[in-house]
Amino acid sequence: MRSPLRIEGKVASTGYAAGPAYLIGRQGSAYVSSGSAGAEAARLSAALVQSIEEVMQLIATSSDPEAAAILDFQVAMLEDEGLSETAFVAIGEGTDAASAWRAALDEHIAGYEAVEDEYFRARSADVRDIRDRVITALTDGGETIPPRGSILVGDDISPTRFLSADWSAGGGIVLRAGSATSHVAMLARARGIPMLVTTGAFEIADGDPVLLDAAEGRATLLPGADEEAAFERARTAYAGVLAEAQAAAIRPAVTSDGVAIKVMVNIAEPSEVDGIDIATCDGVGLMRTEFLYRDKLPDEDTQYAAYRRVIDWAAGKPVVIRTIDAGGDKPVPGFTMDETNPFLGLRGLRLALARPDVFRVQLRALLRAALSGKVSVMFPMVSVPSEYKAGLSLIWQVSQELAAEGAQHAVPPIGIMVEVPAVAIAPEAFVDAAFFSIGSNDLTQYTMAAGRDNGAVAHLADVTNPAVLRLIATVSSFGADHRIPVSLCGDAGGDPRTIPALLKAGIRSVSVAPAQLPLAKAAIAKASTHG
Amino acid sequence: LSVKAETLAEAKVIITHDVGLHARPSVKLTKLAKGFAARIDLALADSGPWIDAKSIVKVMATKAPKGATLFLRAEGEDAQQALDALVSLVARDFDEGAPHAQPA
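These protein sequence lines map, in sequence, to chains A and B.
Numbered as in the numbering used here, the first sequence ends at 531 without a single skipped number.
Numbered as in the numbering used here, the second sequence ends at 1104 without a single skipped number.
Chain A extracted, bound-state conformation (with noise of 0.2 Å):
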């Protein structure tokens, strides 16, 4: 019998949840044996047909011919007889599945390494892709879904396997690496899914039983009976507190020296407006579009759709959209390129001045969009002020042409995120911004040159160190003499722990993911504008 264990970490998003684990990225090493060679080759096989149709689903899902070029040569490998024989012989004589598979494709590996033809020689990164998806099939079930309410347990988490699991019923992450900064982070925090991150190193196996207190950055595994009812009574006076938080959401947020700040919605998909009374916000204060561009490059009308679906439930309040916000850590197939530093690269505005075929479309959906209620547009990434200009001729374009042709459109307001810390510095050259809105998850990792996606610098990334918050100051200070409105639209705006900062700062109009408004506006009204 093991006894109960702690384990400490921090808390990327807040909550409470009880379930089992659910063990994700288990590689080789947890392999278990059937200890019978017959069924080592029928597990091995089994997972060969799994892995197959598993690329033959990602085939059918890309838009990308290059893409679909690797996908059916992996395919055709994985179909090869000649590919897993050495590891059948090996089975045959006593070694497990995962062994053999893996002893036969390293020498595969090795073969390719060899080479000197550098096109032969890359072809070894596919080739070790096709290893681990079976090694994957083989010892994870394949990509499965994690049974509903499951704490998933690993070292890290990727955003597709979020998105692959259902959430419906609660569960929770903890992670040994992580970062509360990742996109994960993120999504977590936008369906108040409660997520531990760097919790350092801990053993568990699947299906034991998880208390995970996302609010004091902790978990139990396997809990006594003590440990349980201490649990329940922190999430029953935390269930207090969020629901006397969302019965205050509706008024109106004001600190506690009587200034009103305005609180508006990180929307990442339209379907998530649903979930929320548009009564309780003051608006969307970023609208993200990043998901219209996750299997291909969406046309003019899909784009259409989605922003009026948004811009109709604010019914005449504000909505920021932002321009597409490819590159960094969010790729884009057929859009983005390979590079070598993606955060210093050709992200954000940069990439889509340097995609105006693709960029026009989307300019062409906003301007019709913007007919339909309160829109405002911005720039993503923007460092200096030639591409805000450009951005903006690129839309003096789009509206002559749709004028030509005919078709209903306005010009919204065109404002820009302030994240590259040449920005914040320097405001001045952005005189003309129709509106600043502080990215503070960029502005924080450009200043502090820490990686959002690190969980090594996570402590240096922080937006409450004094050269950050000194950079929301001048930009605050900056669009109140110059009456450029200015919101700050990170995650630190959402954070009760970071927020009297960003008041002091004078930040007087936040943008928060909608599991954060509750306890934002909570945080607000006990906060206050001055020192």
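Derived DSSO-like pairs: lysine-lysine, alpha-carbon spacing no greater than 30 Å straight-line:
| no. | chain 1 | residue 1 | chain 2 | residue 2 |
| --- | --- | --- | --- | --- |
| 1 | A | LYS504 | A | LYS526 |
| 2 | A | LYS296 | B | LYS1028 |
| 3 | A | LYS389 | A | LYS296 |
| 4 | B | LYS1031 | A | LYS296 |
| 5 | A | LYS330 | A | LYS296 |
| 6 | B | LYS1066 | B | LYS1031 |
Derived by calculation from the structure, the hints in this document are not laboratory data.
Since the structure of chain A is provided, determine the placement of chain B on it from the hints.
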């Protein structure tokens, strides 16, 4: 004896594809080969070693570069059609570039 003569075929063709017989061309070549009943082997020299033209793992393992001569031989009822089709595919640059190759 005359029956056997009809079921044996040989051909050779120069690979002009820019990067040789790599992933995409190999997929096309093995897929086409699998469409025939005949046993089809290929080699990079007249003397072999001969490998199964229907196995992408083995075709890729030849690492045939641009400019290499591909030797083909087939045995079976549709042997001649199979080699005609394969030679044509290689000569067409696997339908990926300008058709400037010719049967050697």
